[in-house]
Amino acid sequence: MKDDVLILVGGEGGEGVISASEILVKAAARAGYEVYTFRTFPAEIRGGHAQMQIRVSPKEILSLGDRFDVVIAMNDEAVQLHLHEIKAGGILIYDKSEYDKASVADLKTLDPNGYIQKNNITVVMVPMTDTAGRDLKTPKSKNMVATGAICAALPCFRIDIIKEMIKQQFIKKGDLVVQTNWQALDAGVKYIQPNLKLFDSLQIGEPKSKKSKRMVTTGNIAFSLGSILAGCKYFAGYPITPASDVLEYLSVHLPKFGGNVIQTEDEISALASVLGASYAGLRAYTATSGPGFSLMQELLGFAHIAELPCVVLDVQRGGPSTGLPTKAEQSDLNIAVFGAHGDAPRIVLAPLDVPDCLQVAIKSFNLADKYQTPVIVLSEQSLAHRFEPIEWIDPSTVAIDRGKIVEEVQLNGKPRYARYDLTEDHISPRVLPGTKNYYYIMGGLEHNIYGKPGYTPEIHKTMTEKRMKKLELAREEIEKDKYYFEEFGDTNASIGIMGWGATIGSTKEAILLLKKEGISVKTLYTKVLSPLPVETIGKWLKSLDMVVVIEMNALGQFTRVLEAAFKRDFVSLTKCDGVPIKPEEIVGKVKSALALERRLV
Amino acid sequence: MKDDVLILVGGEGGEGVISASEILVKAAARAGYEVYTFRTFPAEIRGGHAQMQIRVSPKEILSLGDRFDVVIAMNDEAVQLHLHEIKAGGILIYDKSEYDKASVADLKTLDPNGYIQKNNITVVMVPMTDTAGRDLKTPKSKNMVATGAICAALPCFRIDIIKEMIKQQFIKKGDLVVQTNWQALDAGVKYIQPNLKLFDSLQIGEPKSKKSKRMVTTGNIAFSLGSILAGCKYFAGYPITPASDVLEYLSVHLPKFGGNVIQTEDEISALASVLGASYAGLRAYTATSGPGFSLMQELLGFAHIAELPCVVLDVQRGGPSTGLPTKAEQSDLNIAVFGAHGDAPRIVLAPLDVPDCLQVAIKSFNLADKYQTPVIVLSEQSLAHRFEPIEWIDPSTVAIDRGKIVEEVQLNGKPRYARYDLTEDHISPRVLPGTKNYYYIMGGLEHNIYGKPGYTPEIHKTMTEKRMKKLELAREEIEKDKYYFEEFGDTNASIGIMGWGATIGSTKEAILLLKKEGISVKTLYTKVLSPLPVETIGKWLKSLDMVVVIEMNALGQFTRVLEAAFKRDFVSLTKCDGVPIKPEEIVGKVKSALALERRLV
Amino acid sequence: MTDSASSSAHVKDKKDYRSDIDVTWCPGCGDFGVLDAVSRAFATLGLPQEKLVLVSGIGCSSRFPYFTKSYSFHTLHGRLLPSAMGIAIANPDLIVIGTGGDGDAYSIGGGHFIHACRRNPNLKYIVMDNQIYGLTKGQYSPTSDLGFVTGSTPYGSCEDPIDPISMALVFGASFVARGFSSKPKECEQLIIEAINHKGFAFLDIFSPCPTFNKVNSVKYYMQKIKPLPETHNVEDKASALTYAQDQASLFVGVFYKKERPTMQEKLADIRQKASMKPIKMEDLYSLHT
Amino acid sequence: MTDSASSSAHVKDKKDYRSDIDVTWCPGCGDFGVLDAVSRAFATLGLPQEKLVLVSGIGCSSRFPYFTKSYSFHTLHGRLLPSAMGIAIANPDLIVIGTGGDGDAYSIGGGHFIHACRRNPNLKYIVMDNQIYGLTKGQYSPTSDLGFVTGSTPYGSCEDPIDPISMALVFGASFVARGFSSKPKECEQLIIEAINHKGFAFLDIFSPCPTFNKVNSVKYYMQKIKPLPETHNVEDKASALTYAQDQASLFVGVFYKKERPTMQEKLADIRQKASMKPIKMEDLYSLHT
Ligand SMILES: Cc1ncc(C[n+]2csc(CCOP(=O)(O)OP(=O)(O)O)c2C)c(N)n1
Ligand SMILES: Cc1ncc(C[n+]2csc(CCOP(=O)(O)OP(=O)(O)O)c2C)c(N)n1
Ligand code: SF4
Ligand code: SF4
Ligand SMILES: [Mg+2]
Ligand SMILES: [Mg+2]
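Chains as they are written, first to last, in our numbering: chain A, 1 to 601; chain B, 1 to 601; chain C, 1 to 289; chain D, 1 to 289.
In case anyone wonders, no lab produced these hints; they're calculated from the structure. Being a predicted model, the structure only gives us computed values, none of them experimental. By construction, the Cβ of each residue, glycine as well, lies at the ideal position given by its N, Cα and C atoms. Certain hints may be false.
Cβ-Cβ distance ranges computed for the label pairs, FRET-style [unchecked claim]:
1. V215(D) - D100(A): 36 to 46 Å
2. K539(B) - T456(A): 41 to 51 Å
3. N119(B) - T456(A): 21 to 31 Å
4. Q193(A) - E465(B): 24 to 34 Å
5. K208(A) - K280(C): 27 to 37 Å
Hey, can you work out the whole structure from these sequences and the hints?
Have a look at this one:
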């Protein structure tokens with residue numbers, strides 16, 4: 001029995017690669033397995049390759065892993081792209097119809113036969129196109145033939161669950177549709193049957209405990225669900241890859257919960273209207289990616305000085321500029337932390353995985369309301385679109401903290417309500433428009449406690465301090481909350497790894513690999529990038545001789561932030577090529593850094 | 001004989017305070033004196049207080065200095081605001097007409113008489129309003145009565161020169177206008193005559209050497225002149241305080257040199273069109289302040305990846321958001337260095353004084369062209385609007401380096417022209433549209449050497465590296481050029497002060513003050529904030545036990561940059577109240593930091 | 001007038017709608033007339049102050065909300081409309097009124113203007129049009145006349161001015177009117193009509209800037225303006241366009257007025273459609289299970 | 001046609017204007033027809049490739065410049081017009097042509113559209129209008145019909161579409177036309193006319209997106225479009241507006257065409273005015289001395 005199995009489904013965009021993969025993942029999750037996925041997008045609309053990688057295990061999975069046990073190639077391109085990524089002893093399931101038709105020549109250019117023999121790869125032919133098109137007369141069911149083949153080969157994907165899911169999904173379209181899909185599945189199973197023994201060495205164990213109710217979804221959808229749970233009632237956005245699905249998902253579902261969703265004319269308008277809605281009392285947010293986020297900087301500075309809560313989800317993609325719209329990168333940290341003119345620090349959060357996207361959504365609205373300030377959440381393409389199991393959250397357990405919204409104000413001798421009153425915790429009671437007997441000016445000019453513009457040194461100093469100290473308080477709250485920190489590895493290690501966001505899986509796996517080689521390493525990931533939790537990190541850093549910082553950008557943006565905060569050396573491992581970082585790369589970096597420090601014997 | 005004299009002219013906005021001051025400053029400069037000024041603006045259009053501070057000396061002046069020797073109050077408000085800023089033994093010249101009319105009551109609330117006696121201040125009454133309005137029947141000449149009074153009191157402002165200037169300025173309006181203004185001047189002189197002896201102790205010496213030809217102008221105008229000298233032929237901008245005068249000045253003068261000036265519909269449009277003009281081959285730029293600069297971040301990232309030269313002058317004002325539009329602050333360093341999404345570093349320069357604004361303009365266009373990248377210049381309100389003498393620059397001595405613009409390309413075996421060709425110095429030869437036989441794609445997507453979009457790891461890595469290494473080369477060039485560094489103080493000192501921009505004057509003066517107290521300090525100002533000249537600064541830092549960093553923002557933005565680069569402690573002196581930092585504040589900080597380190601006996 | 005607007009009718013005097021902040025406009029600024037007209041309209045309608053939200057961008061005219069006793073939202077230059085839209089959608093009980101300048105509206109804010117008109121949110125928008133940038137001390141604006149000499153057009157503006165009335169009509173605004181600040185009575189009437197209109201009501205008011213625009217003065221407008229003829233049918237867009245584009249006169253009055261569903265109503269429709277059957281979070285979860 | 005455009009007439013075939021980059025549009029995408037028409041127009045006019053600068057924003061249609069043999073400037077989403085303006089002003093010898101989508105033009109780029117039209121820079125602007133956002137996979141656009149169901153409007157769009165033709169007319173564009181990509185011959189003719197027009201020439205071309213817009217298909221347009229009647233006077237803006245706002249038909253052809261001084265000409269005038277007497281830097285210096 002193996003610990004896990006890693007498969008890849010690849011084919012032409014539009015052939016149902018992604019929907020088949022989604023069904024497989026959900027079925028495995030329903031059966032109680034852990035699943036970890038990665039999805040890339042064709043760069044161009046037309047053609048292009050669609051693929052999904054799926055890793056399944058009865059135990060916790062930390063990252064995507066490396067080479068594939070099985071590749072299901074629904075067309076030629078998939079073979080060409082992924083053949084050399086199959087493990088020695090692995091299997092290629094290939095569409096026989098494709099092979100028969102056009103591809104032999106292509107395959108020859110690769111010398112696949114030589115490669116296959118040399119690397120001990122087995123090829124299993126399944127006539128996917130022909131079965132779907134010629135036999136079942138529904139070419140669209142090709143992906144179900146492939147799905148059936150996988151289920152037969154790897155029973156961790158339980159065919160009974162899949163059939164049930166298909167029934168649920170298609171019953172509205174009539175019984176015939178369900179039947180056809182089932183037939184396609186069965187055909188796939190049939191073609192594998194004679195070769196079942198080939199897969200013996202790839203089987204994994206049963207999951208131990210029965211899991212609680214789980215969904216399987218992506219980072220973007222998890223964030224959207226989290227925002228609904230948090231009571232968000234206003235979303236405005238402008239489409240942009242890879243954030244558009246937040247807009248689209250909320251368009252369907254937020255109105256069901258009494259919320260408004262608006263596609264605005266641009267990102268500036270989106271955030272401006274979010275701030276208007278927030279001022280009027282609703283929890284409100286927008287989601288975007290780098291180019292749109294750059295456009296929002298002026299308004300984020302406005303939200304900071306006006307002390308208006310708002311949440312901005314930035315789903316990072318490859319930059320700079322239009323950059324690499326469908327690729328994974330973590331290069332918006334600089335702009336998230338330092339992006340507005342003037343002294344306008346913000347709260348910046350970064351979820352580590354899909355379940356975290358949901359939790360961070362809830363946290364972000366609470367922080368924004370409590371500290372009356374903008375909160376930025378840095379997600380990223382690979383996290384945004386990867387499927388992962390995630391627990392059903394009981395809405396009644398979600399804590400909502402709307403902060404100091406009041407209907408009555410103690411004037412304490414003041415002639416009238418002071419929107420920006422100086423208080424012990426630097427947060428001023430907030431009255432919503434519509435409340436009787438109070439009115440005030442809220443705006444982007446420096447102002448006195450009443451909101452009236454004022455430019456004296458005293459006012460500017462006092463108000464700047466007020467706004468800074470709020471964030472200092474936020475930091476203190478954050479440092480106390482274990483949720484924001486993820487630790488892993490040998491607590492006694494003198495080598496540390498730091499990072500942020502979705503690289504954590506690879507880091508954990510690298511730590512396990514290094515342990516096998518006798519190198520003891522631990523890691524700390526902070527989900528808060530600003531205000532930096534200097535106490536928690538500082539304490540953790542103390543005992544460490546060497547700290548490697550992992551990040552997917554070229555400048556080492558997080559490393560610079562850590563250097564400024566702790567004035568010590570960090571070994572920066574930057575990777576900036578659009579592809580998530582792999583455990584092996586981290587292992588390599590740690591070892592070479594050690595060698596450099598001449599500590600390896 | 002004093003070393004210098006410091007005066008303030010204050011009055012109602014619109015009464016000619018600024019134009020009178022400008023005449024005084026120019027006259028002193030023409031007479032060979034050094035002059036240093038500071039100007040604040042009324043926050044509101046109507047009313048509000050206008051003032052100009054003028055320091056004059058036969059020797060070099062480092063900063064504005066502290067308390068006034070003479071205050072010329074053209075109205076009551078000026079008295080109220082500035083009375084307590086007059087030195088013991090100083091003089092208040094006051095509009096008798098104002099005093100007689102309405103102000104006694106106001107003055108009483110201040111108890112000025114008590115204050116004046118206690119602090120040994122002399123009041124000289126001059127009936128400015130009445131002389132201008134009643135006697136000369138030209139109320140507008142009130143400021144000339146005041147000017148005459150000052151000239152009589154302090155002959156370093158030479159009345160003959162001023163009369164000549166007035167003649168030049170008004171002769172177009174007819175001889176009568178000249179005569180009236182002269183009469184007003186003479187009247188001012190007359191009223192001081194009986195009190196001349198009062199001013200004996202305030203007189204300064206004659207300037208030693210005859211100076212070369214000098215203008216007196218502001219940072220914004222100096223930058224505009226520099227840009228014309230640099231051969232800029234396209235300017236697009238959107239009005240914003242305190243940068244609008246660049247647009248207005250160039251509107252008048254750039255077309256005379258064959259250039260185009262366009263007021264666009266917003267700042268985004270301004271920079272987009274600048275990039276278009278640059279692409280087509282012109283030197284082009286825009287000028288703005290914080291809010292507009294925030295809006296330009298997406299386009300700056302585009303310029304970075306497209307490798308398009310451009311210059312953006314950001315005249316900083318008080319932030320965040322709309323903030324304090326007419327106040328001095330240095331809080332846009334973060335956004336200038338870190339402001340775009342993705343990995344998109346830029347060249348960021350900061351001039352130290354008015355003559356520097358002209359020089360930096362020329363440098364910035366050369367750097368932009370040579371490295372095919374955006375260059376940001378951080379000026380700031382006090383520098384932008386303060387008058388200072390500046391040498392006439394011989395246009396023929398201005399070196400223009402347009403970088404690798406070519407009309408013929410060596411294809412070196414490539415099928416066609418590669419706009420982003422990989423070269424030894426990472427800079428690719430640039431062909432302008434219109435050139436025969438070449439064409440290429442230029443854009444914001446990641447691309448291969450031909451400009452064709454490409455998202456493979458290899459392309460992204462190679463091109464990111466190319467763009468980073470260019471800046472590394474720029475850093476090397478910069479480190480070699482003494483122009484970019486200003487040092488001052490005792491070279492053997494073990495205490496250092498660092499800073500950027502216009503605080504340098506106060507820093508130098510603080511060093512002189514500290515020296516008097518036996519504390520030996522030196523300073524290094526870098527005019528380049530990105531890429532940071534780490535070698536020059538690193539070498540300079542080596543021998544220092546303590547380094548104080550001076551900056552006019554709340555977050556210590558430059559300090560953080562230095563900490564990340566040098567991983568050592570700096571003492572951060574931040575000041576963020578809209579008023580330029582004074583030498584005394586620096587002295588105080590250095591002393592208290594020393595005390596803290598228990599090194600003061 | 002929204003339902004809620006009429007509820008508390010005890011307030012009657014225009015002074016009840018003026019804040020205690022000193023007005024900082026120059027003497028003779030046209031905006032005084034607009035402030036007066038707006039306060040009087042509020043008093044006439046007896047609007048409850050706490051329901052009033054005045055929203056502005058940046059400019060002299062954008063200081064307007066400071067001077068009214070109301071909730072005031074002073075946003076960024078050009079962002080008046082999307083900000084106001086967010087407020088008006090979030091709480092449809094509020095009476096949301098945008099007050100700003102011609103630069104704010106048609107230059108940096110031009111893109112938002114298009115989309116506010118077509119979306120028809122229930123909010124009012126008063127532009128104080130002085131054909132100049134006042135606050136930045138006199139540069140030309142999108143409504144400045146061809147050849148106009150300003151700080152940024154020393155050789156005379158070379159750009160054809162835009163026509164806000166025609167624009168609003170073509171963008172689909174459901175209420176389009178023009179006034180002149182020196183005709184306060186008429187202005188008050190237009191403002192009342194705008195507030196009573198259900199939907200997006202756009203009102204361009206000539207409001208001279210004596211400090212930086214010496215050409216388009218009170219006298220100039222007095223000569224040029226002309227009330228729309230009684231015969232003009234306010235539901236006839238073609239006729240409205242013709243009057244807007246008249247070369248000889250600047251017509252004032254209501255050019256166009258025709259109610260259609262507001263954005264708030266349409267969003268309410270969607271919420272209703274979406275929630276036909278009651279929904280729980282668990283229903284969403286199961287979509288992903 | 002600018003003077004320079006006609007200079008080198010040896011190029012004659014549309015293939016001479018196609019680059020070697022593979023076209024990545026979906027099969028059946030309307031943009032193919034536009035690409036074909038543009039290449040043929042170039043060939044017919046015999047334009048020198050090196051003088052051609054194609055400028056685009058972001059979108060499927062904004063990939064257009066990749067596929068032509070010309071200088072190509074692929075700027076940010078919505079920034080096509082100010083970029084093109086900068087190029088066209090900096091070097092008036094170039095033939096600058098903007099090619100982009102309806103979202104790029106009327107949504108995020110809407111504010112720039114207003115000001116390009118009124119400034120009348122000598123450049124051409126072709127919008128491939130598919131009433132949808134293609135590249136981001138199907139959200140509604142400013143030209144999407146009311147009630148249209150898309151990824152972001154699952155309950156049907158609740159916003160009235162804009163009318164680009166009327167807008168351009170009201171903004172003051174000096175050339176306004178509409179085409180349909182499945183009528184390549186007519187499109188070519190319109191493009192030739194636009195290029196020959198001195199000033200800002202705006203051309204909205206219906207260019208269906210079969211992938212994400214199943215409603216506004218080739219068939220749909222075939223039924224709805226109608227050539228402008230021969231009797232229509234292209235210098236009559238009122239008539240142009242009437243045809244643009246016709247409820248029954250979508251008219252195609254040249255709505256309006258009337259040359260007036262271009263921005264380049266007006267800037268040249270200013271340069272000339274300013275430099276009547278020769279100037280040296282020293283003259284500037286002495287202003288400050
Ligand atoms: C992003 C940004 N750009 C520029 C400015 C500077 N600015 C302030 S008000 C204004 C124009 C004011 O003109 P208008 O809207 O007509 O108002 P008015 O002062 O004439 O009433 C400008 C350009 C700013 N505050 N923010
Ligand atoms: C600032 C910014 N916001 C959003 C996007 C994402 N985006 C790319 S193309 C596009 C719209 C495309 O629609 P359209 O202009 O109609 O072109 P089409 O694809 O339909 O041809 C959007 C929203 C972006 N690239 N940049
Ligand atoms: S500058 Fe003009 S618009 Fe501004 S307050 Fe003065 S008169 Fe009014
Ligand atoms: S998605 Fe639509 S617009 Fe884009 S290439 Fe395909 S058919 Fe054309
Ligand atoms: Mg105005
Ligand atoms: Mg489109």
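Comparing the hints with the structure gives:
1. Between V215(D) and D100(A), the C-beta spacing of about 39 Å keeps the proposed range 36 to 46 Å intact.
2. The hinted window of 41 to 51 Å between K539(B) and T456(A) holds, with their beta carbons roughly 42 Å apart.
3. In this structure the hint that N119(B) and T456(A) lie 21 to 31 Å apart at CB holds, the actual value being about 23 Å.
4. Separation of Q193(A) from E465(B) is about 52 Å and departs from the stated range, judged on CB atoms against 24 to 34 Å.
5. Take K208(A) and K280(C): their Cβ atoms lie about 31 Å apart, and the range 27 to 37 Å holds.
Figure legend: structure checked against the earlier numbered hints; the only hint not met is number 4.
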